[in-house]
Structure formats: structure tokens, C-alpha cells
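Position 9 of the sequence shown, counting from 1, maps to 9 under the working numbering, and the rest follow consecutively.
No lab work stands behind these hints: they were computed from the structure. Quick caveat: nothing in here was measured; it's all calculated off a predicted structure. Just so you know, not all the hints are guaranteed correct.
The following label-pair restraints were derived from C-beta to C-beta distances [unchecked claim]:
1) Ser59 - Asn39: 35 to 41 Å
2) Asn39 - Glu4: 33 to 39 Å
3) Gly40 - Pro92: 35 to 41 Å
From the three backbone atoms N, C-alpha and C, an ideal C-beta is built for every residue, glycine too.
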Amino acid sequence: MLTETARVELVTGRLLPIPGFDGTVTLVDGSSDFIVEPNGRTSHVTTGTLRLTHGDLASVVEFTSGRPFQHFGHTMAVYGEGGSLELGVFPPGVPASP
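With these hints in hand, go ahead and build the complete structure from the sequences.
Here it is in C-alpha cells:
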């Protein structure tokens with residue numbers, strides 16, 4: 001069982017272990033965009049697809065950088081921009097934070 005936050009630097013197409021999680025992650029694809037908000041402010045966002053495994057389970061998940069999601073009973077989030085992305089997997093009950 002995951003007792004501390006696991007962090008994995010993502011590499012497109014590479015199967016990577018998630019420490020302490022009995023699972024793996026693969027960054028299937030990703031793209032970076034600039035968002036112009038109604039107030040004129042711009043922000044950078046990366047969206048993409050992860051393939052996650054946990055034990056015998058496997059699934060594909062769509063992500064937006066900086067937005068936490070729930071999967072396999074854990075909060076997860078992708079942080080970073082463009083070519084420098086990191087997956088954070090947080091223990092049950094621990095909120096996502098960069």
C-alpha cells in the first residue's frame with residue numbers, strides 16, 4: 001500500500017514503475033496549449049493520455065496538467081509543461097499538491 005507520495009517523471013511511450021504502488025504508467029501522448037481566459041490572462045496547459053496499471057488492472061486515462069483525478073482509489077495529478085511532465089500518486093486521503 002502506498003504510504004507516501006510517489007512521483008514519476010513521464011517519458012512518452014516508456015513503461016515506468018510507480019514506486020510503492022504495484023503499478024506502472026506510460027505517457028501515451030500529450031500536447032501543450034495556451035489558454036486565454038475571459039480576463040485576458042493566459043496560462044499554459046498540457047493535456048494527454050496515460051496508460052495506468054495497478055496489479056492486474058489496466059486502464060487509459062485522459063489528463064489535464066494540474067487537475068487532480070481519482071483512479072485506483074488514489075488521487076493522482078500530472079504536473080509540468082510540455083516535455084517535462086511528472087505524475088504524482090498520493091496515498092488515500094492525501095490531497096494532490098505539486
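Status of the hints after comparison with the structure:
no. : hint                      : verdict
1   : Ser59 - Asn39: 35 to 41 Å : 36 Å, holds
2   : Asn39 - Glu4: 33 to 39 Å  : 38 Å, holds
3   : Gly40 - Pro92: 35 to 41 Å : 40 Å, holds
In terms of the numbered hints stated before, the structure departs from none.
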